[in-house]
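Following the hints, put chains Z, W and G in place on chain S, whose structure we already have.
Listed below, chain by chain, are the residues.
Number of protein chains: 4
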Amino acid sequence: MLTIKRLSLADAHLLLEGAKARAVQIGVPMCIAITDESGQLIAFERMDGGKITSTVIAQDKAYTAAGAKRTTESYGVASQPGSPAYGINSAIGGRLLVVAGGLPVIADGEVVGAIGVSSGTPAQDTECAQAGIDHFVRQQTGND
Amino acid sequence: MLTIKRLSLADAHLLLEGAKARAVQIGVPMCIAITDESGQLIAFERMDGGKITSTVIAQDKAYTAAGAKRTTESYGVASQPGSPAYGINSAIGGRLLVVAGGLPVIADGEVVGAIGVSSGTPAQDTECAQAGIDHFVRQQTGND
Amino acid sequence: MLTIKRLSLADAHLLLEGAKARAVQIGVPMCIAITDESGQLIAFERMDGGKITSTVIAQDKAYTAAGAKRTTESYGVASQPGSPAYGINSAIGGRLLVVAGGLPVIADGEVVGAIGVSSGTPAQDTECAQAGIDHFVRQQTGND
Amino acid sequence: MLTIKRLSLADAHLLLEGAKARAVQIGVPMCIAITDESGQLIAFERMDGGKITSTVIAQDKAYTAAGAKRTTESYGVASQPGSPAYGINSAIGGRLLVVAGGLPVIADGEVVGAIGVSSGTPAQDTECAQAGIDHFVRQQTGND
Numbered sequence: 001m002l003t004i005k006r007l008s009l010a011d012a013h014l015l016l017e018g019a020k021a022r023a024v025q026i027g028v029p030m031c032i033a034i035t036d037e038s039g040q041l042i043a044f045e046r047m048d049g050g051k052i053t054s055t056v057i058a059q060d061k062a063y064t065a066a067g068a069k070r071t072t073e074s075y076g077v078a079s080q081p082g083s084p085a086y087g088i089n090s091a092i093g094g095r096l097l098v099v100a101g102g103l104p105v106i107a108d109g110e111v112v113g114a115i116g117v118s119s120g121t122p123a124q125d126t127e128c129a130q131a132g133i134d135h136f137v138r139q140q141t142g143n144d
Numbered sequence: 001m002l003t004i005k006r007l008s009l010a011d012a013h014l015l016l017e018g019a020k021a022r023a024v025q026i027g028v029p030m031c032i033a034i035t036d037e038s039g040q041l042i043a044f045e046r047m048d049g050g051k052i053t054s055t056v057i058a059q060d061k062a063y064t065a066a067g068a069k070r071t072t073e074s075y076g077v078a079s080q081p082g083s084p085a086y087g088i089n090s091a092i093g094g095r096l097l098v099v100a101g102g103l104p105v106i107a108d109g110e111v112v113g114a115i116g117v118s119s120g121t122p123a124q125d126t127e128c129a130q131a132g133i134d135h136f137v138r139q140q141t142g143n144d
Numbered sequence: 001m002l003t004i005k006r007l008s009l010a011d012a013h014l015l016l017e018g019a020k021a022r023a024v025q026i027g028v029p030m031c032i033a034i035t036d037e038s039g040q041l042i043a044f045e046r047m048d049g050g051k052i053t054s055t056v057i058a059q060d061k062a063y064t065a066a067g068a069k070r071t072t073e074s075y076g077v078a079s080q081p082g083s084p085a086y087g088i089n090s091a092i093g094g095r096l097l098v099v100a101g102g103l104p105v106i107a108d109g110e111v112v113g114a115i116g117v118s119s120g121t122p123a124q125d126t127e128c129a130q131a132g133i134d135h136f137v138r139q140q141t142g143n144d
Numbered sequence: 001m002l003t004i005k006r007l008s009l010a011d012a013h014l015l016l017e018g019a020k021a022r023a024v025q026i027g028v029p030m031c032i033a034i035t036d037e038s039g040q041l042i043a044f045e046r047m048d049g050g051k052i053t054s055t056v057i058a059q060d061k062a063y064t065a066a067g068a069k070r071t072t073e074s075y076g077v078a079s080q081p082g083s084p085a086y087g088i089n090s091a092i093g094g095r096l097l098v099v100a101g102g103l104p105v106i107a108d109g110e111v112v113g114a115i116g117v118s119s120g121t122p123a124q125d126t127e128c129a130q131a132g133i134d135h136f137v138r139q140q141t142g143n144d
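Residue numbers (this note's numbering), protein chains in the order written: chain S, 1 to 144; chain Z, 1 to 144; chain W, 1 to 144; chain G, 1 to 144.
This is chain S alone, in the form it adopts within the complex (with noise of 0.2 Å):
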């Protein structure tokens, strides 16, 4: 029997929290969707604003991240014209997002769930990503 750490409803509350205070920041609105690390859906939001088609994106760049447990960006290097994952991106009916904006959240070494920005640039969805996981560190040593 394998023993697994997952993210909690509170935990993806903290993430969701350190991602939109972000968004506000920026002025985009963003969908921002949290998974566990099996890919399934814990929490989402689409902020007032956000794209119709980043609330499927968002979802699927947290699928990507917990389940392939790397950032969506580097499928998008991997996966250029002549490198070893050119294509990937069409995987799993589409699902497979090699667009940044993915990222997993590591808890002692392993992958606990993930995060997935979508509506503005690739680097403004990573951004706001990130700073959802780095509030959810903050937060969580502050448990401690």
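Simulated from the structure, these hints should not be mistaken for laboratory data.
Any given hint might turn out to be false.
Note that the list lumps identical chains together, so a pair holds whenever it fits in one copy or between two copies.
[Stated by the list, open to error] Using 30 Å as the maximum straight-line C-alpha spacing, the simulated DSSO-like pairs for lysine-lysine come out as follows: (1) Lys20 / Lys51; (2) Lys20 / Lys5; (3) Lys51 / Lys69; (4) Lys69 / Lys5; (5) Lys69 / Lys20.
Okay, now just chains Z, W and G, sitting in the frame of chain S:
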């Protein structure tokens, strides 16, 4: 040009809040989805212990209730064998849900969004969805 | 509660009318889709001789332009190899179109819907989509 | 943070072993799928002569049993015409299986995975799935 009223993220939080409070009361961890009037996701929460299958079903109950402007339960009645909507449950790739737990959210006589709840019995799901709407309506009125 | 502006069916007819007139001028029978601001279909026409594959592609171009609030052509540029949105074309089950021919329809600075055209070259598709918008804007202004 | 118990691959082998032994006894080559508690595949075997359609159905039975924390057979009962879950069979793109043969695997009161069997009659499928669980439980106990 049409003018449409739509739930904001703040409204969605009220719906979530009311539904979660009832779910806690009855001791059933739920998946709760809030969509806008077009069935597009605004907010989602899986309470700790909510079912994996319900992450999709809750969203699709809300999609159905918003999109068809009726409760999913009413579709259950209308789609029984021999009834006019028989077989409608597999429409839209199976997204059209005919199991109770999806309710449209109505303001000033217009559908402005929907709430879909899943993980309990259909009766429990409906009870929590209705509690979400009741809480939302109370707060809306209180804000007037 | 949010208030959203959305194309009416009468508006959609104007968009279709303008796009079809240009399609006749250039001698290319087109598929033309008009969606609302959420990417949901309002009107569609396949001119006699329009391509079967374009019945889907035109709808998805409009869905993308409305949902992401940008032209599909701009996604074509942003998703070239080495660019930030590389690989986005297969997102949302492949519905996210990055080929020119999808344009958001904007009124008073808000996206109120979109037009997607397909069957010609991407340049011809865009030309007809733009002609639809131009006709719509002229009529709107004329009505003021 | 949550702590989750999950079947290991070694556990999955025990489940497969027990199910296959019974399938050989009754002379029905089966497709057997083992998923984790999130419905994600851990192991799968199609015995020589197992049905092609069952390669998907066995997986979806296990997915359903894990994700909804109940037997697929119980869904068959609950989804009969006139019953509360009527129509649930087409949910999640038809992945929600209501035909017997999917059983959750429970350890210390928690669902830790599931087994789905297909190719025989639903009663035979269930018999083999249960044989898999019985074998797993005996070995687990024996290891204590």
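Hint-by-hint comparison with the structure:
1. Within a single copy, Lys20 and Lys51 get their C-alpha atoms as close as 15 Å, and across copies as close as 26 Å, so both meet the 30 Å cut-off.
2. Taking the closest pair of Cα atoms, Lys20 and Lys5 come within 30 Å of each other both inside a single copy (25 Å) and across two copies (24 Å).
3. Within a single copy, Lys51 and Lys69 get their C-alpha atoms as close as 26 Å, and across copies as close as 7 Å, so both meet the 30 Å cut-off.
4. For the homomeric pair Lys69 and Lys5, the shortest alpha-carbon distances inside one copy (14 Å) and between copies (19 Å) are both at most 30 Å.
5. For the homomeric pair Lys69 and Lys20, the shortest alpha-carbon distances inside one copy (23 Å) and between copies (21 Å) are both at most 30 Å.
Of the numbered hints stated above, none is contradicted by the structure.
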